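Trainee: Protein chains in written order, with this note's numbering: chain A, 1 to 454; chain B, 1 to 454.
These are computed hints drawn from the structure, not numbers from a lab. Any given hint might turn out to be false.
In this list, chains with the same sequence are indistinguishable; a pair is considered to hold if it fits within one copy or across any two.
As the list claims (entries may be wrong) - Dumping the calculated DSS-like pairs for lysine-lysine here, alpha-carbon to alpha-carbon at most 30 Å: (1) K42 with K201; (2) K312 with K379; (3) K79 with K31; (4) K240 with K30; (5) K30 with K181; (6) K240 with K312; (7) K163 with K201; (8) K163 with K198; (9) K154 with K198; (10) K30 with K51; (11) K201 with K154; (12) K85 with K30; (13) K85 with K23; (14) K23 with K51; (15) K212 with K42.
A quick note: this is a predicted structure, and the numbers were derived from the prediction, not measured.
There are 2 protein chains.
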Amino acid sequence: MHNEQLKILTASLTRLLRRGATKQLVNIIKKTHMVDLSTAFKELSADNREKLFKLMDDPEEIGDLFSLLDENLFLEFVKTVEFNKLVDIFDHMPSDDAASLLTLLDEELSDQILSKMQKEESDNVEQLMSYGEDTAGSLMVTDFIALEEDVVAKQVIEALQNKYLDVEMPFYIYVIDEYGKLVGVSSLRQLVVVHPEKPLKEFMAQDLVTVKPYTDREEVARLVSRYDFLAVPVVDDDNKIVGIVTVDDVIDILHEAATEDILKMAGVGEDYIETQTVIKRTWIRLPWLFASFLGGVAAFFIIGGFQESLAKFASLSAFIPVIMGMGGNIGTQSSAITVRGLATGRIVLKDFSQVIFKELAVGLILGVTYGLFIGVIAKLAFASDPFSFPLALAVGLAIVTSMSIAALVGSMVPLVFERLNIDPAVATGPFVTTSIDIVSVYCYFTIASLLLDI
Amino acid sequence: MHNEQLKILTASLTRLLRRGATKQLVNIIKKTHMVDLSTAFKELSADNREKLFKLMDDPEEIGDLFSLLDENLFLEFVKTVEFNKLVDIFDHMPSDDAASLLTLLDEELSDQILSKMQKEESDNVEQLMSYGEDTAGSLMVTDFIALEEDVVAKQVIEALQNKYLDVEMPFYIYVIDEYGKLVGVSSLRQLVVVHPEKPLKEFMAQDLVTVKPYTDREEVARLVSRYDFLAVPVVDDDNKIVGIVTVDDVIDILHEAATEDILKMAGVGEDYIETQTVIKRTWIRLPWLFASFLGGVAAFFIIGGFQESLAKFASLSAFIPVIMGMGGNIGTQSSAITVRGLATGRIVLKDFSQVIFKELAVGLILGVTYGLFIGVIAKLAFASDPFSFPLALAVGLAIVTSMSIAALVGSMVPLVFERLNIDPAVATGPFVTTSIDIVSVYCYFTIASLLLDI
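Same shape as in the complex, but just chain A (with noise of 0.2 Å):
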């Protein structure tokens, strides 16, 4: 479904829940697609979602709907579903779905319904909350296809069609060997294609890209994308198969993966939640803005430096601003620009060098473009000032060393990080525009009282 057609369904949902027309809202329960109508749930008012969801029986729906539903909303259900139900659900639901929604609740409750869950379904929960929560471990599924080498093509199509009816992703064989060593890989497409009498050991690919349960989970997903993988094996130390996690999961990895580079790079941590209440927000964001505090008062300490020249030439002063302004904004597009590109893979250590180079010429070009406006402003504001001239080239220049720097460090800080192997968006964003901030207002006094001789 498209946007529109989105709009559409959460008017009709109104409409019928207005009328109280169960015959037709049950009817469209079952007829739309369960992604679609979470996000509908999304969109409804309290009062509409509670009878709405009312209206949903099947355990198995309800499962489905919880595992797309945010947090909150689903914290919301589970209060108004029975505890028996509760168990049904939970029994019915994939095991790595049941996992994460069962960190969610209360320890006492998902005790209490992991004790009522059958036996097997919920080991195999229990198995994947005791791995860590960004790891390969807590996201892969473990309904997944694994047969013996001597299992011919014929019988690998008869287990699909029976043993195996019920795996989520069946694309891959996996291949072991009697000692449940994962030894290949086939896929259902081969399976189709060669002679129904053929070993699987005699069309196996042998050349294995597996992953260990804790893996963290962005490895993970970055190996999934760079080789498009449908699923990737997760195997325990001994190489036992334990679980797959599937290209579907590795797409909202890379996607959250890559919007935390923008809470980073801002300066939010990385795990900001938007439904946090606000004294959590208020919490996570106080020690990121301690460096532009120390920044600020580094910059105060400074100007109170330079007392005798603000006394002299208070005008000095309305520049700030801009200064700061122009140094920090291309500070912040010359990091941006470095984060994206070692994110992409556009840029890679080897060129650190060119890149910085680069970087600092566009800062010089940049610099003296702006310079030369702000110079001109700043003649025609104090054209009868006999001090104009050097005022505007003070000016002037400190505009053309602020960028240059701002350049210069935003491209430097990144890769440097980077360097170090430490994720370069985390600090980049306060460090640099704080650190450009005391430069560009230290280069701008120093400049004013060498040119104004004072």
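Given chain A, work out where chain B should sit, using these hints.
Mentor: Relative to chain A, chain B alone:
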């Protein structure tokens, strides 16, 4: 391959190239996944990569490499390949790759290549090249499986083993009616579980999500990631299938789109190419800095209007940087959070007032906190001055005002842009910081004039 292994690969290649060990090099080329080899190419020196490239001979492999290289490396290598060989390479490439690479070449060369390519292949490529750069058409592959409704499962499998052996992503079997119109879809998976004599029309799914050749590629990417599809069919206005867009391309688009937001927010446009010349880089960034230039000039005139206050209290200007810095940084945080929330769907327009209210509250709390800090510093710095208390109060209040307004503006602008159907990331950055600079400076001097009674 993980990063460690890639470093080892690059080191081995460099060593073997120095020794001129052709045989081992050819062996490595053959055994290494092209994705890894293309990364190694980027890391090698210009000399070494030219030597290594000369060792490659298979046109299919070279085509594969070309489609993985950055634009500048691709153009570098193309120059070293003889014309007939080049035609051969493009003949062996998937048509979507050939189309996007040919657009990078001089028009003359690309026309010459197209005229020498096999007719059917060059027709496909020219068709793809005719679609706009950011559309589904430019992205789709034209090899897909389309069979009529009456074909039975067994025959489909036979077709896969013969006619469709070369199809890149054979996960979906598209079903067409006698007029060639798309009427349903089945999956490879269903195919192996149904009775061999069942015709497609009896087990195909009929609720299809399709896109048009001119659908925006980001819209296509959203659909694929939304529904966890492996591919989405592209149909013309007569509902005839003309191609498919596959999940691996979608990953790239989503990644590109998410990292684009970083650029947009920093005011660098969205198509910034890290590999461009200095002049082009300068040209792209010049207009985006104009906003901060105008803002700076406005601030200059505002401060000019308070000359009297400044003449009496020159120290007022020493607080300009900290007030601007704190406002600017919290404003950037707020807009980054909102832009990202809109991109990930965690913030929807319906929450407009709630989002803004929460941000305002955060701004107020943080403003009071840092306002107190800076007020105390001001009081201590001017302890001997009789005006130290009103001065400290003015500075503290200016911080509170500036940070609150910044949080408000920072969160409101992206939401307003979204409502007006303007990309919230595109002008949020420069717009937000510049307007915050002006407002901060104005509020500061107004408050100071009032409290210090000037």
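Trainee: Look at each hint and say if it fits the structure.
Mentor: Here is how each hint holds up against the structure:
For the identical chains of this complex, K42 and K201 are neighbours neither inside a copy (49 Å) nor across copies (36 Å), given an alpha-carbon limit of 30 Å. In this assembly of identical chains, the alpha carbons of K312 and K379 lie at most 30 Å apart whether taken from the same copy (18 Å) or from different copies (24 Å). In this assembly of identical chains, K79 and K31 lie within 30 Å of each other by CA distance solely inside one copy; the values are 26 Å within and 56 Å between copies. Taking the shortest Cα distances, K240 and K30 sit within 30 Å of each other only across copies (29 Å), while inside one copy they are farther apart (40 Å).
In this homomeric assembly, K30 and K181 come within 30 Å of each other (Cα to Cα) only across copies, at 27 Å, whereas the closest approach inside a single copy is 42 Å. In this assembly of identical chains, K240 and K312 lie within 30 Å of each other by CA distance neither inside one copy nor across copies; the values are 78 Å within and 78 Å between. Taking the shortest alpha-carbon separations for K163 and K201, both the intra-copy value of 21 Å and the inter-copy value of 26 Å come in at or below 30 Å. For the homomeric pair K163 and K198, the shortest alpha-carbon distances inside one copy (20 Å) and between copies (21 Å) are both at most 30 Å.
In the homo-oligomer, the alpha carbons of K154 and K198 lie at most 30 Å apart both inside one protomer (8 Å) and across protomers (19 Å), since each shortest distance falls under that limit. Proximity of K30 to K51 under the C-alpha cut-off of 30 Å is restricted to the intra-copy arrangement: shortest distance 16 Å within a copy versus 62 Å between copies. In this assembly of identical chains, K201 and K154 lie within 30 Å of each other by CA distance both inside one copy and across copies; the values are 14 Å within and 25 Å between. In this homomeric assembly, K85 and K30 come within 30 Å of each other (Cα to Cα) only inside a single copy, at 19 Å, whereas the closest approach across copies is 57 Å.
Proximity of K85 and K23 under a CA criterion of 30 Å is satisfied intra-copy only: 22 Å inside one chain copy versus 66 Å between copies. In the homo-oligomer, the alpha carbons of K23 and K51 lie at most 30 Å apart inside one protomer (13 Å), although the nearest pairing across protomers, at 72 Å, exceeds that limit. For the identical chains of this complex, K212 and K42 are inter-copy neighbours only, at 28 Å across copies versus 36 Å inside a copy, given an alpha-carbon limit of 30 Å.
The structure fails to meet hints 1, 6 from the earlier list, while all remaining hints are met.
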